[in-house]
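Chain B: place on chain A using the hints.
The chain contents come next:
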Amino acid sequence: MANKILVFLEQRDGQIKKSSYEVSAAAWKVSKDLNAEVEGVVIGSEVENPNIVGNYGLKKVYHIKNEQLANYSSSAYTDILIDLIKSIDSQIIIFSATSMGKDLAPRIAAKLDCGIVNDVIDWKVDNSEIIATRPVYAGKALTDVKIKSDKKIFTLRPNVFKAEKITEQAATIEIKKVDNPNLRTKVIEIIKSDTKLDVAEADIIVSGGRGVKAPENFKLIEELADLLGAATGASRAVVDAGWRPHSEQVGQTGKTVSPTLYIALGISGAIQHLAGMRSSKYIVAINKDKDAPIFQVADYGIVGDLFEIVPAMIEEIKKIKNS
Amino acid sequence: MKIAVCLNHVPDTASKISVGQDNQSIDTSGVTFVVNPYDEFAVEEALKTKEKVGGDTVVISLGNDNNKESIKKALAMGVDNAVLLKTNEIYDSLSVAKILANEIKTQNAEIVFFGKQSVDYDNGAVGQMCAELLGYNSVSVVVGLEINGNKVRAEREIEGGREIVETELPVVITTQKGLNEPRYASLKGIMAAKKKIIDEKIPENCSNYTETISMKKPPAKQPGRIIGTDATAVPELIRLLKEEVKVI
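Chains as they are written, first to last, in the numbering used here: chain A, -13 to 309; chain B, -17 to 230.
To be clear, the hints were calculated from the coordinates, so they are not data collected in a lab. What you were told as hints is all true, and nothing was included just to trick you.
Facing chain B, from chain A, some residues (calculated, C-beta under 8 Å):
id : residue
1  : Ser61
2  : Pro121
3  : Asp130
4  : Thr239
5  : Arg264
6  : Ile306
Beyond 12 Å from chain A on every Cβ pair, some chain B residues (computed):
id : residue
7  : Ser11
8  : Asp38
9  : Asn46
10 : Asn63
11 : Thr69
12 : Lys87
13 : Asn90
14 : Lys170
15 : Ile172
16 : Lys176
17 : Ile179
Cβ pair distances, simulated, as ranges:
id : chain 1 : residue 1 : chain 2 : residue 2 : range
18 : A       : Lys162    : B       : Glu193    : 33 to 39 Å
19 : A       : Asn308    : B       : Arg135    : 45 to 51 Å
20 : B       : Lys228    : A       : Lys72     : 43 to 49 Å
21 : A       : Ser31     : B       : Gly117    : 24 to 30 Å
22 : A       : Gln54     : B       : Glu193    : 37 to 43 Å
23 : A       : Gln54     : B       : Glu33     : 33 to 39 Å
Just so you know, even glycine gets a beta-carbon here, dropped at the ideal spot from N, CA and C.
Bound-form chain A, shown alone (with noise of 0.2 Å):
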């Protein structure tokens, strides 16, 4: 019997979130070496074209349709994804490391009995087996592992796999009604915070710590980040200090962030906050101490005043986008 690897893909507001499609990418490699089907799952309302899916290698996908559940329900998609995952006897699940992933995949390990690795940045198939690779302390080590019960489950980080289109092809839809989720834990409500863009998320963060002095200064590194596109980071210590937000956070009691960019701005660079963004593909450190850790890590570095480097780099930038 061949092998089936169901993909959890994540709507929010009907649109399939990125993340998914480099599940499903990632899923599909593995799936060569493993011999297996890959298939998607998508549970919500109406969903903009979840066939798109199929460009990353899926053939197959499950829409399990009710309006009640546009918005997530962990007692519901559990409930749900277990029925299907029994119905068509998918062996391996994986879902994006998400929030909601995250919150959903443990529940669902709990209930087949089986093993669950989260927060897979790097996996291969040796001898028919699946070795996932996954940070520990916040990334101070790495470890591999692999799964010993029949099912297994795992969530791969967000930003890390790429997803890659593998062909032109559109994923079947099959569509399935439920009546009455279970709902007895439901998302009521969505609060949007007022940045634009989520660390976790970004492909660019730009960084502010100590250095930066007081909340108002912030603007400053606001003004850059939205220069670039890119998402507003903090140190612990300004978030302790009330300055920023604690969604901001980078560092081992904050977020773990690997995007292309990371602009650290007086930040010095603690043990806690290297290990949450020290896989980033590129840093850049602008810090007035020149032995700062932070300079270790950096690609690229500037020791320096940033009221004096981050207003220019502003103007350098825009000297371009006005090219």
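Here is chain B on its own, set in the frame of chain A:
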């Protein structure tokens, strides 16, 4: 009402981590262990919940005698009772969840708090797993909580915002920074904690569902280059961002 809070004892986030001789776990020599930072919010919320709805609080921790240090901290903050599920094994998420769920059941707790993740293995799964095993509702990564009678209204952090979640007791809540400000233990609390007895139990053996094949340090990053020491370095930096990083 019985309120439980599950607590882990983990390396301080300021610790340097090195891999042990077994290449499967960390070398703990010279590492300071503390209450898992997210669990402090769980303890605080358990105490606040007790102050509001009444009842008894119990802290449950799985690990060896060293965990008593963190358990005592929770007792000093004001938790009533403590259970240490004593083991030297390193268990994975589902095994931990099974052991804890058993004890939560024994304790008959209807409100259970966990930190949103333990800062050692960072899997962030045990709370939700316990809920599923117990048939409880759960809300994870919670930054706001109201419990009125049977009704629970929680705010959880999501990408770019918050979800308002409604559910009912019994419930498992996993706590995120921002939910509250953990109190300091008072001198009176510390004295009282000394008299409290930690109930030690040996949990049933579990077999892990996952296997750690190896642990290693991440590849060391080569320090990059210092482009300059003032604003005259900016054009070169921007050129690099444009041509090397390709983000502009």
